[in-house]
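Protein chains: 2
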Amino acid sequence: MTRAPAASTALLTDHYELTMLQAALAAGTAHRRSVFELFPRRLPEGRRYGVVAGVGRALDAIERFRFDDDVLAVLRDGEVVDQPTLDWLADYRFSGDVWGYPEGEVYFPYSPLVIVEASFAEAVVLETLLLSIYNHDSAIASAASRMTMAAHDRPCIEMGARRTHEEAAVASARAAYVAGFTATSNLAARQRYGVPTAGTSAHSFTLLHDSEEDAFRAQISSLGTGTTLLVDTYDVTEAVRLGVELAGPDLGAVRLDSGDLGDLAHQVRRQLDELGATKTRIVVTSDLDEFAIAALGAAPVDGYGVGTELVTGSGHPTCGFVYKLVAREDDDGSMVSVAKKSKDKISIGGRKYALRRLNHRGVAEAEVVGIGEPPVNDGNDRPLLVPLVRGGEVVGRESLEAARARHRSSREELPLTARMLSKGETVLETIHIGEPEHH
Amino acid sequence: MTRAPAASTALLTDHYELTMLQAALAAGTAHRRSVFELFPRRLPEGRRYGVVAGVGRALDAIERFRFDDDVLAVLRDGEVVDQPTLDWLADYRFSGDVWGYPEGEVYFPYSPLVIVEASFAEAVVLETLLLSIYNHDSAIASAASRMTMAAHDRPCIEMGARRTHEEAAVASARAAYVAGFTATSNLAARQRYGVPTAGTSAHSFTLLHDSEEDAFRAQISSLGTGTTLLVDTYDVTEAVRLGVELAGPDLGAVRLDSGDLGDLAHQVRRQLDELGATKTRIVVTSDLDEFAIAALGAAPVDGYGVGTELVTGSGHPTCGFVYKLVAREDDDGSMVSVAKKSKDKISIGGRKYALRRLNHRGVAEAEVVGIGEPPVNDGNDRPLLVPLVRGGEVVGRESLEAARARHRSSREELPLTARMLSKGETVLETIHIGEPEHH
Chain A
0 MTRAPAASTA LLTDHYELTM LQAALAAGTA HRRSVFELFP RRLPEGRRYG
50 VVAGVGRALD AIERFRFDDD VLAVLRDGEV VDQPTLDWLA DYRFSGDVWG
100 YPEGEVYFPY SPLVIVEASF AEAVVLETLL LSIYNHDSAI ASAASRMTMA
150 AHDRPCIEMG ARRTHEEAAV ASARAAYVAG FTATSNLAAR QRYGVPTAGT
200 SAHSFTLLHD SEEDAFRAQI SSLGTGTTLL VDTYDVTEAV RLGVELAGPD
250 LGAVRLDSGD LGDLAHQVRR QLDELGATKT RIVVTSDLDE FAIAALGAAP
300 VDGYGVGTEL VTGSGHPTCG FVYKLVARED DDGSMVSVAK KSKDKISIGG
350 RKYALRRLNH RGVAEAEVVG IGEPPVNDGN DRPLLVPLVR GGEVVGRESL
400 EAARARHRSS REELPLTARM LSKGETVLET IHIGEPEHH
Chain B
0 MTRAPAASTA LLTDHYELTM LQAALAAGTA HRRSVFELFP RRLPEGRRYG
50 VVAGVGRALD AIERFRFDDD VLAVLRDGEV VDQPTLDWLA DYRFSGDVWG
100 YPEGEVYFPY SPLVIVEASF AEAVVLETLL LSIYNHDSAI ASAASRMTMA
150 AHDRPCIEMG ARRTHEEAAV ASARAAYVAG FTATSNLAAR QRYGVPTAGT
200 SAHSFTLLHD SEEDAFRAQI SSLGTGTTLL VDTYDVTEAV RLGVELAGPD
250 LGAVRLDSGD LGDLAHQVRR QLDELGATKT RIVVTSDLDE FAIAALGAAP
300 VDGYGVGTEL VTGSGHPTCG FVYKLVARED DDGSMVSVAK KSKDKISIGG
350 RKYALRRLNH RGVAEAEVVG IGEPPVNDGN DRPLLVPLVR GGEVVGRESL
400 EAARARHRSS REELPLTARM LSKGETVLET IHIGEPEHH
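Sequence lines, in order, name chains A and B. When the letters of the first sequence are read in order and numbered with numbering that gives the first Met the number 0, they come out as residues 0 to 438. When the letters of the second sequence are read in order and numbered with numbering that gives the first Met the number 0, they come out as residues 0 to 438.
Hints are not guaranteed to be accurate.
[To be verified] Straight-line alpha carbon distances no greater than 25 angstroms define the calculated DMTMM-like cross-link-like pairs of lysine to aspartate or glutamate that follow:
hint	chain 1	residue 1	chain 2	residue 2
1	A	K344	B	E44
2	B	K344	A	D209
3	A	K344	B	D249
4	B	K422	B	E44
5	B	K340	A	D286
6	B	K340	A	E237
7	A	K340	B	E62
8	B	K278	B	D234
9	A	K340	B	D262
10	B	K340	B	E364
11	A	K340	B	E211
12	B	K344	A	D286
13	B	K344	A	D68
14	B	K344	B	D331
15	B	K422	A	D262
16	A	K344	B	E328
17	A	K340	B	E328
18	B	K422	B	D152
19	A	K340	B	E44
20	A	K344	B	D301
21	B	K340	A	E44
22	B	K340	A	D152
23	B	K344	B	E116
24	B	K344	A	D213
25	B	K344	A	E44
26	A	K344	B	D286
27	B	K422	A	D286
28	B	K340	A	E212
29	A	K278	A	D152
30	B	K344	B	E328
31	B	K422	B	E397
32	B	K422	A	E237
[Stated by the list, open to error] Far from chain A by the CB rule (all over 10 angstroms, computed), these chain B residues:
hint	residue
33	D86
34	A201
35	R240
36	R356
To be clear, the hints were calculated from the coordinates, so they are not data collected in a lab. For every residue, glycine included, the Cβ atom is placed at its ideal position computed from N, Cα and C.
Given only the sequences and the hints, what does the whole structure look like? Please build it.
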């Protein structure tokens, strides 16, 4: 398995991060020790929980955040920043510490998803890139989790690449896998992350041939009887009959991509059974979302292919995470909490800890977010922050399978109301402990 | 200006494109001459027109669609396709023809945005990548166009990088520029596409310093009096007073990022004028969309910074374009039109032409989409398809400035109802001419 291209990530950054840096370098404040926090102020409207994804991608991106000659030339030629700033950037290498919620964990309003501690200069320039990755990947994983929950044990296959930016597609396939999807159509996700891929044929393949029979023969002959035949190009009943005639009762699956999928699935299941193809699976695709998946729960469907609604976050394509300075070094070397005073955009100053409070049956009861030292653990509080980067070295890398397993167990811990797809309140209340020292 | 990394784009592709290819190669049908069409079945609900973007990126991506050893190893090791298919892919180089709507052009339901003519094998494998690029970039440009229209002559600055996938962010900045935005915060968009960038400072910069005065002094000293001061960290009135005191009446701009932006803008304008800073501009940011921009039309605002709603397509993050086989070579070498029979997913067989019909005052009246030869031009029909690739060579590359100019003139041609932001019907009816020969 190869990695994503090792190009520099340094310019996937907002202009103002570097002009702030320039001004802070000149003022002598750039080296003040600082704590930044990445967090959500709320869940998307009506959602009951969110899912953290993108952690592994963010760690890769931090490692590749370097200002090489090509990058510096862009900044110099564009007069984006001055020479002392260029000199400082040329040596940039993140040397601080990062803690965060591990990948696949669920989150709630004000969960401190990432805490970056470094000099202001080193930490501020990571703002845009960290937000891009977390906001996108977590939006996809949060939607995907609702879909896999609605599908129960039936597999969900991610096939949305064509409906989103070609690189967002790869990250989407990865995030969906973390949240329980079993496979993707996206070959780059296989290449970069080892996500299993699947796929057989489209309507164009049938139309290329002189008849549906020619097309099915060609597909079965090349891909084997275990293949999935797309049966709605002309007439579904005739196509199912033909498919079983040509492939025999070992035909792997048929795919339905239009019409009333519930009714059709019942009809096709009866037909397949009558033809002796009792093990042939029925896969449905066509603008599915978590609600459509749930509605098909009683239909004889064996798998869901999900595209548009997955890669667009099922109505919520971004998470609204923000990255705020919450504490910084004072003149005397001590750390002080900071927060801006805005009524509509609240942030809470101070370096946070975070715990998931569980009851004696292991069911989650609250998200506890506090400032200072965490309370002595009474055995039912699960710490949520893990070290991701220590002294500039990535220490939090793990396999996608580990993230996938964490998501499953973390979701199972939630109260049953988390399973409700209807709009509602967050299933865990966030309890804030400790007062920030206002500056 | 450097180009995007020259990595292979071949695996930004759905698995099934390659299994279809394998089956068609084995059946001897892969080399049939084929015409694929990329088109929308409809506009997003309530939208009155759409904007084509991503053309230049698609041409770059086609050139980089090559199966090098690394790519082939992924397909071989994963047993995605068989050896004859791997051999064929190793030599892949698109050698066909592509026509399309040029970048920045507006579109309507069934506008044939891209027409690809090549062997089935060469054309089918481009499906996923072309759809990804066009669906994403056109969604962003379509939203951006409504925003720049609502802003009239006031500049719109794209600053949504943090709210979308880090690479989608670069493409979004590019698409927004095509649709009339004047600048972006995204430095990679400067690097790759020469889009102007802008930005000064965030709340974290103010909070880093011991006081707002220290922060403003640091910023003005380093970035000059023409800088934009962010004035809502603590108290807006005090910050505006301080900013003009420190920078003098030549202070470039102040930025408002919270609160009731309309009221605040009036209040700050009065204060600036009273302080003699009559040329200091007021820039507003904070969850703006086309409706908020329009609502601020009467407020003394000099520029809009737009983030989340731009990069998420203002409610419509994807366009729903599809890529369908519409004609192919028959056994006797003639081309036949093809289309699947599905009531809910209509496509129209046959190779298309497309014209914008204008009235004698130069106002667009209809989108004319036909099969076969276009009618003799009566002087008021503007042909919409231009050659993009000829015999595998890219011939349709142009500057972003050209696309930007085209968008402006193409939008100005539309009836006045195109300016309405409320939900409504497409402003041009699509007239279909000629009957497809059904196969």
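Evaluation of the provided hints:
{"no.": "1", "hint": "A:K344 to B:E44", "result": "violated, 31 angstroms"}
{"no.": "2", "hint": "B:K344 to A:D209", "result": "holds, 22 angstroms"}
{"no.": "3", "hint": "A:K344 to B:D249", "result": "violated, 30 angstroms"}
{"no.": "4", "hint": "B:K422 to B:E44", "result": "holds, 7 angstroms"}
{"no.": "5", "hint": "B:K340 to A:D286", "result": "holds, 18 angstroms"}
{"no.": "6", "hint": "B:K340 to A:E237", "result": "holds, 13 angstroms"}
{"no.": "7", "hint": "A:K340 to B:E62", "result": "violated, 51 angstroms"}
{"no.": "8", "hint": "B:K278 to B:D234", "result": "holds, 22 angstroms"}
{"no.": "9", "hint": "A:K340 to B:D262", "result": "holds, 18 angstroms"}
{"no.": "10", "hint": "B:K340 to B:E364", "result": "violated, 30 angstroms"}
{"no.": "11", "hint": "A:K340 to B:E211", "result": "holds, 12 angstroms"}
{"no.": "12", "hint": "B:K344 to A:D286", "result": "holds, 11 angstroms"}
{"no.": "13", "hint": "B:K344 to A:D68", "result": "violated, 51 angstroms"}
{"no.": "14", "hint": "B:K344 to B:D331", "result": "violated, 30 angstroms"}
{"no.": "15", "hint": "B:K422 to A:D262", "result": "violated, 33 angstroms"}
{"no.": "16", "hint": "A:K344 to B:E328", "result": "violated, 61 angstroms"}
{"no.": "17", "hint": "A:K340 to B:E328", "result": "violated, 68 angstroms"}
{"no.": "18", "hint": "B:K422 to B:D152", "result": "holds, 23 angstroms"}
{"no.": "19", "hint": "A:K340 to B:E44", "result": "violated, 39 angstroms"}
{"no.": "20", "hint": "A:K344 to B:D301", "result": "holds, 23 angstroms"}
{"no.": "21", "hint": "B:K340 to A:E44", "result": "violated, 39 angstroms"}
{"no.": "22", "hint": "B:K340 to A:D152", "result": "violated, 33 angstroms"}
{"no.": "23", "hint": "B:K344 to B:E116", "result": "holds, 22 angstroms"}
{"no.": "24", "hint": "B:K344 to A:D213", "result": "holds, 23 angstroms"}
{"no.": "25", "hint": "B:K344 to A:E44", "result": "violated, 31 angstroms"}
{"no.": "26", "hint": "A:K344 to B:D286", "result": "holds, 11 angstroms"}
{"no.": "27", "hint": "B:K422 to A:D286", "result": "holds, 22 angstroms"}
{"no.": "28", "hint": "B:K340 to A:E212", "result": "holds, 16 angstroms"}
{"no.": "29", "hint": "A:K278 to A:D152", "result": "holds, 17 angstroms"}
{"no.": "30", "hint": "B:K344 to B:E328", "result": "holds, 24 angstroms"}
{"no.": "31", "hint": "B:K422 to B:E397", "result": "violated, 33 angstroms"}
{"no.": "32", "hint": "B:K422 to A:E237", "result": "violated, 42 angstroms"}
{"no.": "33", "hint": "D86", "result": "holds, 15 angstroms"}
{"no.": "34", "hint": "A201", "result": "violated, 6 angstroms"}
{"no.": "35", "hint": "R240", "result": "holds, 17 angstroms"}
{"no.": "36", "hint": "R356", "result": "holds, 31 angstroms"}
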